[in-house]
Amino acid sequence: MIQAEGLNLGYGERLVLKDLNFRVAAGEFVGILGPNGSGKSTLMHALCGLLAPREGRISIKDRRLEDITSRVRAQILAVVPQSSDMRFPFSCLEIVLMGRYPRRRRWGSLRDDDLLWALKSMRRTTTEHLQDRPVTEVSGGERQRVVIARALAQDPEFLLLDEATSSLDVRKKLEIFEILKFLNATRGLTVLCAMHDLNLAALYCGRLMFIKDGGIIQDGPTEEVFTPEVLARVYQTPMEVIRHPGHQRPYAVMLPLTPGAVAEEEILEAAQEVQSSRFKVQS
Amino acid sequence: MKDPSTSTGAAGPLDLAGARDKRRAGTRAYAAALVALSLGLLASLVLATVIGRLDLSWQAIAWVMLGKLGFAVPAVDRTTEVVVWGIRLSRVVLSGLVGASLATAGVVFQGLLLNPLADPFTLGVSTGAAFGVALLVILGVGGSFLGLSPLPLGALAGALAAMVIVLALSRESGGRIRKETLILAGIVVSTFLSALISLIKSLDEESLSAIVFWIMGSFSGRGWIHVGFLLPYAVLGLALAFAYHRELDILALGEEQSHHLGVAVSQVRLKLLVGASLLTAGAVSVSGVIGFVGLVVPHLVRVLAGPSHGRLLVLSAFTGALILIWADVASRVLLASGQELPVGVVTALLGGPFFFYLLKSRRTRGMW
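Heads up: the protein sequence lines correspond to chains V and L, in order.
With the working numbering as the guide, the letters of the first sequence map in order to residues 1 to 283.
With the working numbering as the guide, the letters of the second sequence map in order to residues 1 to 368.
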């Protein structure tokens, strides 16, 4: 369980998030949504211990985050940032093996178990074929999947993703989220992801937390909070939420920012048409 | 989409044996390189001792060395013994130790500061150490304390002070260190301190050429006592660097990723910076400021052995030793007049063009 109590977060003079209180239970799959600059990344930085809170406390498994040693923290919690700078030409396998660092002894040599974890994680993220390639020479999407493999190799209980799939194409995004869903369902991996893609969030997250104006303005099961009203309030954008007839998950359709009701009505009609034509395709 | 295994591509069991074999092959290549370098180093110890102004027979040199190792050998005349053991071999050993120290310090600085241009010289740490020594000399602090000379301590203080200043100068408001600014700050500090050293030395009424030898580095007139000064610093520094080689790998990915992977970033970084400063201070206190070894050797080794620091550190230490031993031989014999060049001149002459090649080569360009 991750718990935040009376959390104030900021940089220098600027207070970004005020008085956050929430709890994420083990096994949850939480999406953190909000407009640019709302503080999603700030919250992620605080949750992984990079940013010390101004006030309040964060605890993980009932221990204060700052009391947990770096090593133990990395055994419990893995992080996938938006992008990872790689300057030295380590092979992709070496990068993934670094995920085993918190679980290795200082003088112990690499065990088969560590190698197996690395290979398994690379298999899961479809990066097995990149093993011997220098990480400086693979594409941005491939590198991101290598970093995700490294996080999985840590064998964490909690996984934090900060816009981790933003740079990937649709297929790769879905593949990553399928892996997360699978690990969440089978191993009870708790997933927290800050993201921009509303529909990806609605598709996979069981719970959504909307951040805006320095606080959490909505937090609850996706079914309840993924509504046109909430989305319009958070993003200042007219939106429609339709339900996919197949998988039954909500889906947001954004509407142009054209002022005036006429255009909005037309678009609504168009959206309905799209929906009905989908029905046909499905059946 | 329902079955995640279909979306994860390759099927079949994980190729653990294959991956293990590949790693073993890498280890074998590394072991072979180590053996080759050790043999090269051993051969260099002898060969570099043979070369010199006074022509000595191989036989005489062999008798002196074997005799010192405790073998029963025919008597050799006193002059030969002094030249071989007291003058030449001690100098070869010292240049090897200094080369190993500087190269290792370069590996640590480059990995730690994510900067391919970083080395004890470009960061101003070497000059800081030299300044520390010069200050002690003019203040008349000499002698020895518990068998330790105070000069390396002065060098260490100077090295650490220069490093703190350079890091502070190059730190931006956000706490990040810009890599261009870092080297710029290093060079500014280094130039300034060089000028101060020249000033101090001229106050001390030493000749200008002595200053040049100090600022460009030299092993002229060094002996076993200097090996003794350097040894504790070199051993401690090398041990610290090697003990944290795995952290160095991860730190080379940057602070944030290191944090996520469980490295206690500030503690480990401090230990490594101290380790690299020990190596630099020890080296500078016995030989002055020798540039380019710490800069070029890590690049050279990285191209051949890859970026993993466990191997990089060890191979760089050996390579640094070899290069500086031969650079010192060159400094002894290059001038027909029989005079010595500062060894730093030789390393700069060798290192400059090589570094230019590195700058232009495809393999390292990604790092800039």
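These are computed hints drawn from the structure, not numbers from a lab.
Please note that a few of the clues may not be correct.
So these bits of chain L aren't anywhere near chain V, every CB distance computed over 12 Å [claimed, not checked]:
| no. | residue |
| --- | --- |
| 1 | Leu16 |
| 2 | Ala60 |
| 3 | Val83 |
| 4 | Arg171 |
| 5 | Ile187 |
| 6 | Leu253 |
| 7 | Leu334 |
Computed from the model, here is a short list of chain V residues facing chain L with C-beta under 10 Å [unchecked claim]:
| no. | residue |
| --- | --- |
| 8 | Arg104 |
| 9 | Arg133 |
| 10 | Pro134 |
| 11 | Gly141 |
| 12 | Arg150 |
For each label pair, taking beta carbons as the anchor points, the in silico distance ranges come out as [claimed, not checked]:
| no. | chain 1 | residue 1 | chain 2 | residue 2 | range |
| --- | --- | --- | --- | --- | --- |
| 13 | L | Leu167 | V | Gln236 | 42 to 48 Å |
| 14 | V | Arg105 | L | Leu304 | 48 to 54 Å |
| 15 | V | His129 | L | Phe192 | 28 to 34 Å |
| 16 | V | Gly12 | L | Leu270 | 20 to 26 Å |
| 17 | V | Ser167 | L | Leu139 | 56 to 62 Å |
Note that this is a predicted model, so its numbers are computed, not measured.
All residues carry an ideal CB built from backbone N, CA and C; glycine is no exception.
Evaluated hints:
| no. | hint | in the structure |
| --- | --- | --- |
| 1 | Leu16 | violated (6 Å) |
| 2 | Ala60 | holds (45 Å) |
| 3 | Val83 | holds (44 Å) |
| 4 | Arg171 | holds (15 Å) |
| 5 | Ile187 | holds (22 Å) |
| 6 | Leu253 | violated (7 Å) |
| 7 | Leu334 | holds (36 Å) |
| 8 | Arg104 | holds (8 Å) |
| 9 | Arg133 | violated (13 Å) |
| 10 | Pro134 | holds (8 Å) |
| 11 | Gly141 | violated (14 Å) |
| 12 | Arg150 | holds (8 Å) |
| 13 | L/Leu167 <-> V/Gln236: 42 to 48 Å | holds (44 Å) |
| 14 | V/Arg105 <-> L/Leu304: 48 to 54 Å | violated (29 Å) |
| 15 | V/His129 <-> L/Phe192: 28 to 34 Å | violated (53 Å) |
| 16 | V/Gly12 <-> L/Leu270: 20 to 26 Å | holds (24 Å) |
| 17 | V/Ser167 <-> L/Leu139: 56 to 62 Å | holds (58 Å) |
In the structure shown, a violation is registered for the earlier hints numbered 1, 6, 9, 11, 14, 15, in ascending order.
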